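Protein chains: 2
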Amino acid sequence: MKEKVTIVKVGGAVVEDDQQLEQLLCDFSAIEGRKVLVHGGGRKATKMAERLGLETQMVNGRRITDTAMLEVVTMVYGGLVNKTLVARLQAQGVNALGLTGADANVVKSHKRPLKDGIDYGWVGDVDHADGQMLSNLIEAGIMPVMAPLTHDGEGHILNTNADTIASETAKALAPYYDVTLIFTFEKKGVLRNADDDDSVIPTITHADFERYKADGTISGGMLPKIENALSAVDAGVSRVIITHATAIGKTGTVIMR
Amino acid sequence: MKEKVTIVKVGGAVVEDDQQLEQLLCDFSAIEGRKVLVHGGGRKATKMAERLGLETQMVNGRRITDTAMLEVVTMVYGGLVNKTLVARLQAQGVNALGLTGADANVVKSHKRPLKDGIDYGWVGDVDHADGQMLSNLIEAGIMPVMAPLTHDGEGHILNTNADTIASETAKALAPYYDVTLIFTFEKKGVLRNADDDDSVIPTITHADFERYKADGTISGGMLPKIENALSAVDAGVSRVIITHATAIGKTGTVIMR
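Chains as they are written, first to last, in the numbering used here: chain A, 841 to 1097; chain B, 841 to 1097.
Hints are supplied without guarantee of correctness; some may be wrong.
Chain copies aren't distinguished; within one or between two, either way the pair holds.
[Claimed, not checked] Calculated lysine to any residue pairs in the SDA-like style (CA-CA distance at most 20 Å, straight line):
#1 K951 <-> D1038
#2 K844 <-> Y1016
#3 K887 <-> T907
#4 K842 <-> D959
#5 K887 <-> D867
Rather than coming from a laboratory, the hints here were simulated on the basis of the structure. Note that the structure is a prediction, hence the values are computed from the model and not measured.
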């Protein structure tokens, strides 16, 4: 039987809210066995850019990353957010190690080509996550803390979506481990009734998803989230859990085959 | 016989000068066998602080690090400088991995207490570098790139002198390896004649040092540099080389027992 590994993706909002961060670190430290943390940091990057007189431009939820903005995200994601999390986890007795995709070449990507005439700049689309290297680190007792940055192998850091880093890492680790991938967001899970925060759907399979889609229970922004989760599950990830950052290990929707 | 490891410390100036950086990365990549890079970044931190409207205050060559300045050095050293070096080394085929002292708990320190009434703020004095963990990483084919940041084990990142990181790392690796520690600075080595850049003294032992000190050949700022080098050598480091960042492997003064 494969060992378990739990990958948790948290957004930047959690890192900025000291109370939520403390709760997250506690819950995360309490997860038994091997684990990986993947973080965002977009809000902090936007604030830092503003302090430096740089305007943030988003297209389809993605940051246009020119050279000046690349400096900002490299500093904020790779330095400020990542090292804060690592130091805080060390204080909890978790042997965390921060990684961008460039570190030990764990996530390689290529610069996104023009898309519908839009130049995203130094944004990377992932080609390969190195499950073998990550598992070597994990087996050495290390807990990777992954920043949303990758590299192109030609000396450039690339800004990369944190959800994508989490999915690709989960898929890359699937041959080695029984992988649980946890995406945190602002709700406790996928809701049956958008107005009732406690109406969390406990499990969703492919068949359930088709049914919920047809009857309108699931719609809008939840559709791509669940499609992504199902594609990770199809690629060998054992289960994907969607839940609130302060509810890890407590509640949430489990997406499985 | 022990395997060789070479530790190179470079200052921030090199990282800012693209031509010097390219040369350094080339020379560094050409060093055979196991190696570690330790970098500074003070000038870049001072510039970034200025852009953010923060004043840099230095006392005895050390940066006063209040909470705002700690954010800057964490971003600049741990993010911008470290990740730029890692990505550039990866492009040279070197499997670099960036580390602060918090990462995998490789360098632990304590916040410097008031010294002569001076509060240095979030500055760390090193307690312990983990030679075992560093050697595990090195044996896994990884080349550590170390930023001048450590942690106190209680969740705080601490600003730490890069020369100290280099010395402590060298000493911590000495039980495992035949360690060469290279300090780069603005000259090609320790000069016999300050006005002649080519009058590099090839080797200095304890006895040589006493002699050069007595006859005035070595004086001023070179004294503590060589004292530090000799103390590393006394602690088991095989040799310390003092040379220019663009002359690694070519020239320099070798300090040995």
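Status of each hint after checking the structure:
no.	hint	in the structure
1	K951 <-> D1038	neither (41 Å within a copy, 45 Å between copies)
2	K844 <-> Y1016	within (9 Å within a copy, 33 Å between copies)
3	K887 <-> T907	both (17 Å within a copy, 17 Å between copies)
4	K842 <-> D959	neither (42 Å within a copy, 52 Å between copies)
5	K887 <-> D867	neither (28 Å within a copy, 39 Å between copies)
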